[in-house]
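The listed protein sequences correspond, in order, to chains A and B.
Just so you know, we're using this note's numbering here: the first sequence kicks off at 1 and counts up by one.
Just so you know, we're using this note's numbering here: the second sequence kicks off at 1 and counts up by one.
Hints in this document: simulated from the structure, not taken from any laboratory.
The reader is advised that the hints may include incorrect statements.
Under the rule of at most 30 Å between Cα atoms (straight-line distance), these lysine-lysine pairs were calculated in the DSS-like manner [claimed, not checked]: (1) B:Lys-216 <-> B:Lys-182; (2) B:Lys-44 <-> B:Lys-139; (3) A:Lys-79 <-> B:Lys-139; (4) B:Lys-79 <-> B:Lys-182; (5) B:Lys-79 <-> A:Lys-139; (6) B:Lys-139 <-> A:Lys-139; (7) A:Lys-182 <-> A:Lys-209; (8) B:Lys-139 <-> B:Lys-216; (9) B:Lys-79 <-> B:Lys-44.
Spelled out from the first residue to the last, the chains are:
There are 2 protein chains.
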Amino acid sequence: MIINGLPGELLSANDRGLTYGDGVFRTILVREGRPLHWQQHYDKLQHDCSALAIECPSRQILTAELEQLLRIRSDGIAKIIITRGTGARGYAPSANPQVTRILSITPPPLYPVSFASAGVSVHLCRLRLGHQSRLAGIKHLNRLENVLAAAEWNNADIPEGLLLDEASHIIEGTRSNLFLVKQGALYTPDLSRCGVAGLQRQRVMDWAKQHGVECKVADLQMEALLAADEVFLVNSIIGLWPVREITGFHRVYFPVSLQIQDWLNHGCD
Amino acid sequence: MIINGLPGELLSANDRGLTYGDGVFRTILVREGRPLHWQQHYDKLQHDCSALAIECPSRQILTAELEQLLRIRSDGIAKIIITRGTGARGYAPSANPQVTRILSITPPPLYPVSFASAGVSVHLCRLRLGHQSRLAGIKHLNRLENVLAAAEWNNADIPEGLLLDEASHIIEGTRSNLFLVKQGALYTPDLSRCGVAGLQRQRVMDWAKQHGVECKVADLQMEALLAADEVFLVNSIIGLWPVREITGFHRVYFPVSLQIQDWLNHGCD
Numbered sequence: 001m002i003i004n005g006l007p008g009e010l011l012s013a014n015d016r017g018l019t020y021g022d023g024v025f026r027t028i029l030v031r032e033g034r035p036l037h038w039q040q041h042y043d044k045l046q047h048d049c050s051a052l053a054i055e056c057p058s059r060q061i062l063t064a065e066l067e068q069l070l071r072i073r074s075d076g077i078a079k080i081i082i083t084r085g086t087g088a089r090g091y092a093p094s095a096n097p098q099v100t101r102i103l104s105i106t107p108p109p110l111y112p113v114s115f116a117s118a119g120v121s122v123h124l125c126r127l128r129l130g131h132q133s134r135l136a137g138i139k140h141l142n143r144l145e146n147v148l149a150a151a152e153w154n155n156a157d158i159p160e161g162l163l164l165d166e167a168s169h170i171i172e173g174t175r176s177n178l179f180l181v182k183q184g185a186l187y188t189p190d191l192s193r194c195g196v197a198g199l200q201r202q203r204v205m206d207w208a209k210q211h212g213v214e215c216k217v218a219d220l221q222m223e224a225l226l227a228a229d230e231v232f233l234v235n236s237i238i239g240l241w242p243v244r245e246i247t248g249f250h251r252v253y254f255p256v257s258l259q260i261q262d263w264l265n266h267g268c269d
Numbered sequence: 001m002i003i004n005g006l007p008g009e010l011l012s013a014n015d016r017g018l019t020y021g022d023g024v025f026r027t028i029l030v031r032e033g034r035p036l037h038w039q040q041h042y043d044k045l046q047h048d049c050s051a052l053a054i055e056c057p058s059r060q061i062l063t064a065e066l067e068q069l070l071r072i073r074s075d076g077i078a079k080i081i082i083t084r085g086t087g088a089r090g091y092a093p094s095a096n097p098q099v100t101r102i103l104s105i106t107p108p109p110l111y112p113v114s115f116a117s118a119g120v121s122v123h124l125c126r127l128r129l130g131h132q133s134r135l136a137g138i139k140h141l142n143r144l145e146n147v148l149a150a151a152e153w154n155n156a157d158i159p160e161g162l163l164l165d166e167a168s169h170i171i172e173g174t175r176s177n178l179f180l181v182k183q184g185a186l187y188t189p190d191l192s193r194c195g196v197a198g199l200q201r202q203r204v205m206d207w208a209k210q211h212g213v214e215c216k217v218a219d220l221q222m223e224a225l226l227a228a229d230e231v232f233l234v235n236s237i238i239g240l241w242p243v244r245e246i247t248g249f250h251r252v253y254f255p256v257s258l259q260i261q262d263w264l265n266h267g268c269d
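Required output: the full structure, derived from the provided sequences and hints.
Set out below in C-alpha cells:
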C-alpha cells in the first residue's frame, strides 16, 4: 500500500474519508503488470472527484505510484482511494484541503469459471436504494447501503445481490451494473437518482454502439427483468456474468406454517 | 486521541470506516472533566451500532478511555467513532469483525453568545436529503449529504443550514435538530426516512413531557415553519439556538439583470 507517496498502511484518524466518507474510489483489474483501461479509470476518477469538488491528483502521480506497486504484485486488483484529506471537526470542507491518495494491489479474487460461462444465481436484496441525485453515479465512500445489502445473504454460490430503488426500479448489483437483453436490444437502468455508473457499463454501451446494437438507458421494473431474454452483470473485476437465477425468498424455519399444518392434519382444538 | 486503547492518531487504511463509512459516531460536550449526558450518549451509540449490526464496545471500556483523555483536556468536545473494523475487500462484513474505537477531545468551539440569546441566521440548503429508512435517525459515517450541504455557504454569521428532504419536508440542520413552536405546542420533523435523531432532540421531548407541553413528531413543510411562532435548533454542542432568520438566496453578481436594466434605462439597441 502507498499512502500519499509513501509505503505504509496507516492513515490519520482525522481524515475526512473516515469521518464523513468524504472521498471516491476505483477498483481496477491488473494483469501482467498492466492496469486495464487505466486512462478510462482515471477519467472517471477525475469526474467523480469533480462532482464532490475534490481536487483529483494528476495522472502522472497516480501512474507512478501504481507502477511502484506493480513491481511487487503484477496481477490482482488495484484500488485507488482519494479523500478530501484531513480536516478539523465540522462538515464544511476547509479552503485548501490536501487530498489523501491511497493505492493498493491485492490478490485477484478466485471465482468459479462457471460464473462467467454458465451464469450466476443472484439474491434479490430487500434493502431499497434511496434517491440522491447529487451523489448518483459517483463511486464515493458512503457505501452503507451496499454494506447492509451485502449482509443480507451469505452463500458463496450466490455471488451477487440485485438492488432495487425506493420506487421499485431495478438499479444494479451490489458491486456491478446490470443489463437486460430483449429482442436484440440492450437496456440498462437509469442511474441519475442512485447507483454507481461503472466503467464496464460504459464499455458495454461502447460495444453496443460499435456493433450497431441499440442500448437504451431506462427506468426498468422487475416485470421487464423477468420478461428479458437475458440478464447480465458487469464490473471491472468480474468482467461479465450472465444471470441464471434470481432468488430472494429463503426460509428454513416456518413454525406458524407447521402449527397450522398440524392443526389441519390432526383436527381442531 | 486514543485508538483501540492506545494513544495515537493513526488508523489502518483498510478500516471499513474509511473504505465504506461503515460505522457510527457521537460528539459529546465535556465540561470540567465530565462528559455531559454520558449514559444517554452511550445508549444512543449502542442503539446506532445495533442498527448496523456492529458490536458496541462496553460502557466500561469507553468510560475508561474517555477518562484518560479527560486528564489531558477537561473542557471541549469528545468524539467517539466506532467502526466495523478492518476488513478484506468486499461489502459483506466478515463473520467476526474486531470493531475499531477512536476517541478524542478537541477544544470547545467559540460561538458568539448572541447566537444563543438573540438567535441565528440559517441558510436554506439547496441539497435535498434522500430517503433511506434503514439509515434514518442513525449518526453513521456516511455524511456526504451534510458535506455537500455545508459547502453551499461560507459565512461565519450564518452558523447553520436548514435541510429539506426530496419530498420538501423540513428535516433538520446540517448538524442539529429542529423544533417549531406554535400556539404553545412543539413540533419536530419525523426522522423515519432521513435525518439524524440527536440526543438533544430527545431531551427537548423529555422537557416537553415533564412540563406538560404537547410535542408532536410530524411531517412539516416550509409553510409550517414560516407560520411558526418560534423556530429553534438543538444539538449537544450548541445547546439551543433560536432561529432569527432564514436566508437562501444571495446574489451579488447579476449581469443579466443589469443588462436589462441598462436597456430599460437607456433605450433599445
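Status of the hints after comparison with the structure:
1. Between B:Lys-216 and B:Lys-182 the CA atoms are separated by roughly 11 Å; this keeps the pair inside 30 Å, and the hint holds.
2. Annotation: proposed proximity of B:Lys-44 to B:Lys-139 holds, straight-line Cα distance about 9 Å (limit 30 Å).
3. A distance of roughly 27 Å separates the Cα atoms of A:Lys-79 and B:Lys-139; the hinted pair therefore holds under the 30 Å criterion.
4. For the hint pairing B:Lys-79 with B:Lys-182, the CA-to-CA distance comes to about 34 Å; that exceeds 30 Å, so the pair is violated.
5. Pair hint B:Lys-79 plus A:Lys-139 holds up; C-alpha atoms about 27 Å apart against a cutoff of 30 Å.
6. About 22 Å separates the Cα atoms of B:Lys-139 and A:Lys-139, which keeps this hinted pair within 30 Å; it holds.
7. Simply put, A:Lys-182 and A:Lys-209 have alpha-carbon atoms about 16 Å apart, close enough for the 30 Å limit, and the pair holds.
8. Only pairs whose Cα atoms come within 30 Å are accepted, and B:Lys-139 paired with B:Lys-216 is accepted, the gap being roughly 22 Å.
9. Proposed proximity of B:Lys-79 and B:Lys-44 is supported: the alpha carbons are some 14 Å apart, at most 30 Å.
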